[in-house]
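Undergrad: Build out the structure end to end from the sequences listed, making use of the hints.
As you go down the protein sequences, you meet chains A and B in turn. Numbering-wise, this note's numbering puts 317 at position 317 of the first sequence, and it's gapless, one number per residue. Residues are numbered in this note's numbering as their position in the second sequence, beginning at 1, plus a constant of 1000.
It is worth saying that the hints were derived from the structure and are not from the lab. Don't take each hint at face value.
[Said to hold, decoys possible] SDA-like cross-link-like pairs, simulated, lysine to any residue; straight-line CA separation at most 25 Å:
#1 A:Lys195 / A:Thr294
#2 A:Lys340 / B:Ser1016
#3 B:Lys1055 / B:Gln1040
#4 B:Lys1002 / A:Pro315
#5 A:Lys342 / B:Thr1091
#6 A:Lys342 / A:Ile360
#7 B:Lys1029 / A:Ser276
#8 A:Lys340 / B:Lys1058
[Said to hold, decoys possible] Just a sample of chain A residues kept apart from chain B, beta carbon distances all over 12 Å, derived:
#9 Tyr184
#10 Cys198
#11 Val206
#12 Glu252
#13 Ser260
#14 Ser276
#15 Asn306
#16 Met310
#17 Ala317
#18 Arg321
#19 Glu337
#20 Ser358
The beta carbon of each residue, even a glycine, is placed where N, CA and C say it ideally should be.
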Amino acid sequence: MVAVISKRFGLQHIEIAEDIVSETFLLATENWKTKGVPANPAAWLYTVAKQKTLSYFRRNKIFEDKVIPEINRKQEQQDNTDEFSFSQQNIKDSQLQMLFAICTPAIASEAQIGLALRILCGFGIDEIAEAFLSNKETINKRLFRAKEKLRTEQIQLSFPAENEIIKRLDNVLHIIYLLFSEGYYSKTQNQILRKDLCIEALRLGVMLTEYDRTNLPKTNALIALMCFHSSRFDARQSGEGELILYEQQDEELWNRELISQGIHFLNLSAAGEELSTYHLEARIAYCHCTKEDTTEKWEEILQLYNQLLMISYSPAAALNRTFALYKANGAEPALPEAEKLKLEDNHFYFVLLGELYSDIDKSKAIACFERAKALAKTPAEQQLIQLKIERLH
Amino acid sequence: MKDFVFIFRQPSYDYSNSSAEEIAAINKKWNDWIGGIAAQGKFKSHGARLEVPGKVLKPGGVVTDGPFVEIRERLGGFIVVTADSLDEATTLAHGCPALEADGSVEIRPVFA
Chain A
1 MVAVISKRFG LQHIEIAEDI VSETFLLATE NWKTKGVPAN PAAWLYTVAK
51 QKTLSYFRRN KIFEDKVIPE INRKQEQQDN TDEFSFSQQN IKDSQLQMLF
101 AICTPAIASE AQIGLALRIL CGFGIDEIAE AFLSNKETIN KRLFRAKEKL
151 RTEQIQLSFP AENEIIKRLD NVLHIIYLLF SEGYYSKTQN QILRKDLCIE
201 ALRLGVMLTE YDRTNLPKTN ALIALMCFHS SRFDARQSGE GELILYEQQD
251 EELWNRELIS QGIHFLNLSA AGEELSTYHL EARIAYCHCT KEDTTEKWEE
301 ILQLYNQLLM ISYSPAAALN RTFALYKANG AEPALPEAEK LKLEDNHFYF
351 VLLGELYSDI DKSKAIACFE RAKALAKTPA EQQLIQLKIE RLH
Chain B
1001 MKDFVFIFRQ PSYDYSNSSA EEIAAINKKW NDWIGGIAAQ GKFKSHGARL
1051 EVPGKVLKPG GVVTDGPFVE IRERLGGFIV VTADSLDEAT TLAHGCPALE
1101 ADGSVEIRPV FA
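TA: Now the structure itself:
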């Protein structure tokens, strides 16, 4: 709703758009309580929002001074008539354009995710604060600055030029992936919130496939990746909210439907020449969808990580690659490779070293696990590492 | 951090009789070795991989065909890595599969 109003009246009025939308919802709760929920609640909301928006801009001089010339200019350009509607198509268009506007390089990526959550996914400030493990004031400030930036940079709510789309799309995909990861790996215990983040990321991704210009192989690869990860969402958390490691997960809890969706998008991503990091990560995630512990599987994973690291280095990929090397080639060749990584402040690094030393040098293995435990950030992780130490004694 | 080029040279070898498994094993060695450099965050870019056939032009318009029997080591290709020093780059080059095949790695800083 915010996206549609902003599209019509310009991104500089984004806060007014937000106010109108919350007023509309407030009115709805009051109104529906006394009169009952209308037959078509969505249409009701859209009609009220539209009336409120039009009357706001009429009431204010802004309408004559700024908005009308702006609208006239837009109409001359686009040749579309008085198109301020909440039609399905216009909602989709506006959301997609808002997504591209938010993903302007002028705003920091954390603020981009925040804005996407607030405006496109309708999350409350306290929910966003919880997802980021931050407080409401920080988030409010961050969003305020980002909106200021949208205004001062005069970002337009329209699709960037053809060649800009390709450049901007990488950032859009990145933000969607960060949004997803925020939900998937977030430290917050709120399961529903975390799932919502993942679902919203998937929704935005799928939305990009509905337009030819953004429906690129890498878009499909990213969706496939998110599907494969999501398929394990229920299996990786116990009833008590504890994290369950991959090896101990119950395959029965893996969501088969999401896996086959993932395969569908992975097939679509195979078109074209470009091999993006999303392609490689999606294929790795797909390998993990079969639990068989074969050398062939780990060999494939190893080679995918080799390729991934050549395109883009990350400590997590380096550690996973070395684990795959261990599974495919054995502990002995993997050990010197692991020693070279030198990720001395990363507890996963010492967990990996501990695993590799387990069959070669027990006391060294224990020393590594002890260091990992000292570096671990949560009690749950420390507990898992302690179990590994006890197993060696 | 500086950029360094690794230039791989290997004795000429006729791979046309090698089985698919042998070729795959050679590829794996190279991919694992380069993957190891990438896992340290020190891989920069691929140079072109060179095919075996080619020609050599010499002074006086003399053209010879490959496979370069008269050259002890032919150029196999190159990659670019990043390292703090020439010494560190040389350490990275250890374990290169070209060495197993009796070849060499030349390590050269990129002119900055």
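Undergrad: All hints are to be evaluated individually against the structure, with a verdict given for each.
TA: Each hint, compared with the structure:
1. For the suggested pair Lys195 (chain A) and Thr294 (chain A), the alpha carbons sit about 31 Å apart, so the restraint of at most 25 Å is broken.
2. Straight-line distance between C-alpha atoms of Lys340 (chain A) and Ser1016 (chain B) comes to about 36 Å, which puts the hinted pair past the 25 Å bound.
3. Annotation: proposed proximity of Lys1055 (chain B) to Gln1040 (chain B) is violated, straight-line Cα distance about 37 Å (limit 25 Å).
4. A threshold of 25 Å between alpha carbons decides the hint, and for Lys1002 (chain B) with Pro315 (chain A) the separation of about 21 Å falls inside it, so the pair holds.
5. Simply put, Lys342 (chain A) and Thr1091 (chain B) have alpha-carbon atoms about 15 Å apart, close enough for the 25 Å limit, and the pair holds.
6. For a cut-off of 25 Å, the pair hint linking Lys342 (chain A) to Ile360 (chain A) stands: about 20 Å separates their Cα positions.
7. A hinted pair counts as satisfied when its Cα atoms are at most 25 Å apart, and Lys1029 (chain B) with Ser276 (chain A) qualifies at roughly 23 Å.
8. Taken as a hint, the Lys340 (chain A) and Lys1058 (chain B) pair is broken in the structure, with Cα atoms around 44 Å apart against an allowance of 25 Å.
9. With a cut of 12 Å on Cβ distances, Tyr184 (chain A) stays outside the contact zone with chain B, its closest approach being about 23 Å.
10. The beta carbon of Cys198 (chain A) is kept farther than 12 Å from every beta carbon of chain B, the shortest such distance being approximately 28 Å.
11. The beta carbon of Val206 (chain A) is kept farther than 12 Å from every beta carbon of chain B, the shortest such distance being approximately 32 Å.
12. The claim that Glu252 (chain A) lies off the interface holds: its Cβ sits roughly 34 Å from the closest Cβ of chain B, which is beyond the 12 Å cut-off.
13. Against the 12 Å criterion, Ser260 (chain A) stays outside the reach of chain B, whose nearest CB is about 30 Å from its own CB.
14. For Ser276 (chain A), the condition that its CB be more than 12 Å from all CB atoms of chain B holds, with the nearest at approximately 16 Å.
15. For Asn306 (chain A), the non-interface assignment is contradicted: its Cβ lies about 3 Å from the closest Cβ of chain B, within the 12 Å cut-off.
16. For Met310 (chain A), the condition that its CB be more than 12 Å from all CB atoms of chain B is violated, with the nearest at approximately 5 Å.
17. Taking the minimum C-beta to C-beta distance to chain B, about 8 Å, the non-interface status of Ala317 (chain A) is violated against the 12 Å cut.
18. Not every Cβ of chain B is farther than 12 Å from the Cβ of Arg321 (chain A); the closest lies at roughly 5 Å, contradicting the non-interface assignment.
19. Taking the minimum C-beta to C-beta distance to chain B, about 5 Å, the non-interface status of Glu337 (chain A) is violated against the 12 Å cut.
20. Non-interface status of Ser358 (chain A) relative to chain B is upheld: no Cβ of that chain comes within 12 Å, the nearest being about 21 Å off.
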